[in-house]
Amino acid sequence: MEFKPKITENRWNPGLEEKIRKTWNEEKIYVFNKNTKKKVFTIDTPPPYPSGRPWHIGAAAHYSQIDMIARTARMMGFEVFFPIGIDRNGLPVENYTEKKYNISIHETSREKFINLCVTALDDLEAEMIQIMKVMGLSGDFDNYYRTDSKEYRTLTQTTFIKLWDKGLIYEDTRPNNYCIKCGTTIADAEIEYEELPTELIYIKFKMKETGKDIIIATTRPELLCSCQAIIYNPKDERYKDLEGKHAIVPIFSKEVPILAHPYAKQEFGSGIVMICSYGDYSDVRMFRELKLKEIIAITPEGKMGKNAGNYAGLSIKDARNKIIQDLEKAGLIQKKENIMHRTPLCYRSKTPIEIIPMKEYYLKQIDFIPELLKIAKNMKFYPERHRQILIDWINSLTIDWPVSRRRYYGTEIPIWYCKNCKKACLPEPEKYYQPWKDNPPFKTCPHCKSEKGFEGETRTFDTWMDSSISPLFISKYGKDDDFFKKTFPAGIRPQAKDIIRTWLHYTILRCYQLTKKQAFEGAWIMGYGVDEEGKRMSKSKGNVVDPLPILEKYGGDIFRFWNASEAGLGSDFRYSNDKIESSAKFLTKLWNISRFISMFPEEKKAELTETDKWILSELNELIKKCIEGYESFDFFIPATALREFTWNLFASHYLEMAKSRAYGQGFDEEEQKAAWYTLHLVLKTLLKLFAPISPFITDYVWKELYGKESIHLESLSKPEWGFGLEKSTGKITEFNTEIWKTKKDKGLSLKTEIEVKIPKELKQFEKDLINMHNIRI
RNA sequence: GGGUCCAUAGUCUAUCGGUAGGACAUUGCCCUUACAAGGCAGGGAGCGCGGUUCAACUCCGCGUGGACCCACCA
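Quick note, the first sequence lines up with residues 44 to 820 if you use this note's numbering.
Heads up, simulated EDC-like pairs for lysine to aspartate or glutamate below, C-alpha to C-alpha not over 20 Å straight-line:
hint	residue 1	residue 2
1	Lys559	Asp523
2	Lys787	Glu699
3	Lys806	Glu699
4	Lys82	Glu122
5	Lys465	Asp481
6	Lys474	Glu498
7	Lys702	Glu796
8	Lys465	Asp215
Quick caveat, the hints were computed from the structure, so don't treat them as lab data.
Can you make the complete structure from the sequences, with help from the hints?
Have a look at this one:
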């Protein structure tokens with residue numbers, strides 16, 4: 044009998060992937076069947092944000108792993124709903140557009156600016172979609188959604204109107220984080236801190252009762268006009284006699300109380316702090332605690348307001364310089380020190396934020412903390428240890444969520460204001476409104492019945508208002524009840540670690556407020572992609588690795604196997620070209636094993652030899668291990684286990700032991716068929732176990748050898764070969780290694796006949812071992 | 001300042017109390033009929049100090065170092 048491999052090429056060719064992808068599309072094997080009788084598993088896919096080139100290799104890896112979740116769930120018997128979306132709202136695209144066209148948002152018409160944003164987004168989006176397809180994502184590309192579409196924004200507005208009706212939205216004057224450059228309030232989560240040099244100024248205040256000097260140290264002398272109290276530490280012996288006295292603020296000559304408060308640190312500056320509205324968040328806390336009346340010092344334009352007297356109209360910096368000059372002239376400055384100061388910055392523009400009281404819309408979240416904690420404790424976390432990040436965040440919330448933004452590229456807040464009574468009028472839900480340019484949808488004011496007309500709201504929502512309803516949008520909330528019931532709550536929310544406190548938190552909050560339900564059964568949290576030095580990749584550091592050239596060179600399967608075998612779930616994973624190379628080698632190995640096995644016919648049953656039972660015992664252990672990994676959506680476990688088994692046991696030992704038998708050299712037909720049976724059985728199982736990780740090569744080999752239907756319609760293998768012979772593995776590999784070593788040491792070819800005693804524990808494998816090593820007994 | 005997580009060869013990772021296994025890289029030998037994008041072999045590791053135990057990489061404490069999060073000094 045002559046043996047010819049069915050598979051002829053001797054290496055895996057990533058170029059085949061495109062053709063395989065086409066057949067998937069034609070066969071429609073991933074299409075969601077909403078009339079299924081299977082249990083539905085919804086993936087609340089994170090819509091990636093096209094914020095500029097290149098797309099992060101870590102992000103690409105993230106999406107390839109989300110696809111592994113989808114494929115795993117399918118092979119576990121679920122009907123998988125795997126939507127694909129693109130997040131397009133918000134500041135990053137505005138910044139990208141400003142840079143790309145060298146324009147300023149404030150000097151461009153709103154209409155024109157929005158159109159430029161759309162053009163930029165379309166370009167970036169096309170590349171992302173392409174990358175997702177190349178990686179072999181089995182999501183619904185035909186119906187992919189955009190968060191800036193009319194439909195999506197309609198839902199954002201509709202849910203806002205619903206929450207408004209529930210009384211969960213309110214407008215309030217409140218100290219806000221405000222970025223003067225971006226011209227918008229920003230959420231706490233958008234602030235970053237940096238050590239920056241600044242001057243600490245020691246200013247002389249006068250004590251009203253005694254006329255003595257009191258020295259306070261400040262980095263913000265321009266805020267003197269809004270000083271409403273000065274404090275010292277109650278333990279500070281130096282200032283004991285200040286209790287209950289009053290101080291006179293220099294220049295503005297006003298009287299403020301002197302109070303003892305533990306917040307003042309004795310060792311910093313002079314030990315006395317002035318409390319102004321608002322230099323930082325401790326000022327805010329102090330104003331609330333001491334019930335002081337706020338004085339607005341700085342306007343949203345970043346200039347001094349009318350309360351600043353002579354300094355009104357000056358920029359913050361100019362006002363600071365001028366007031367220092369004036370104080371110096373009057374001899375009111377004791378000294379100046381250069382210090383490093385941890386300064387809060389806007390994370391996009393890197394401008395120091397100001398705390399300015401403004402009117403903004405808020406969504407209540409503080410009232411929901413107990414329910415949110417309950418959900419955080421009830422939800423599954425993959426991996427479990429990331430649960431604490433969410434719990435800590437919920438526990439640290441102190442204010443409600445400011446949801447209004449003074450930007451252009453976002454979902455508009457659907458409100459008109461009556462020109463007569465100034466009250467907010469909300470339109471009917473289920474329609475998309477652009478109040479800054481649309482005609483008002485009502486003639487008379489529902490509050491005062493006036494017909495004087497309306498002023499449209501010009502602000503937009505925080506982008507998280509859109510993002511936080513993704514599970515509702517994909518499940519057609521409010522549009523298709525039947526579909527909604529089947530697909531909501533979602534089975535899993537895959538996402539990155541750094542947006543637990545935004546996306547995950549806000550989604551849980553909003554879905555709970557609207558549906559009283561937990562948005563998803565579980566959250567799957569992936570780590571960061573870091574560069575070869577272990578540093579987190581970011582555009583500003585310039586260490587972002589572009590996934591596109593890597594995918595073009597190696598294809599989706601190698602890329603996917605690489606990132607699955609690179610780090611455990613939730614851990615950061617390091618980009619390394621060497622590792623990608625070695626992943627490519629593994630696929631070639633798997634390919635060649637398949638090629639070898641493809642020489643032999645597949646037997647439907649056989650009388651197994653002990654060697655066959657041994658490898659099946661090991662296969663059984665492998666299946667158990669893989670199932671353990673797949674059930675926890677931790678692909679590192681099956682990826683490494685498969686590599687280990689395939690390369691170091693199956694190929695190195697079993698294949699060599701069974702080779703002569705498979706060729707029929709020195710064995711009878713029954714034994715030969717047992718080898719054929721086992722080789723194919725192991726290969727089929729390996730392909731199925733490997734299919735969620737590398738879907739292309741597995742499907743290709745499957746169809747070449749085992750049938751027309753795709754491997755992706757198969758179920759995950761179950762452990763059913765518990766022969767218990769895995770105990771022999773150590774002895775077998777040791778024995779083989781010893782003979783290889785002996786032959787090598789003696790400079791003999793592996794084919795040379797050798798005389799060795801086979802240990803009695805290996806008696807049962809004797810015949811295969813004798814033929815494998817050419818042993819003379 | 002508070003918290004969470006982590007610490008095994010140059011790098012990544014396994015072993016949930018009993019000879020530290022594997023991968024990448026590195027070195028040497030070999031074209032052995034699936035694979036030189038391969039095979040075989042070699043060198044190389046438990047952060048420090050205590051404690052629990054017959055036995056600690058594994059459990060506990062302290063320290064050191066790192067990652068991340070929160071708060072934040074006027």
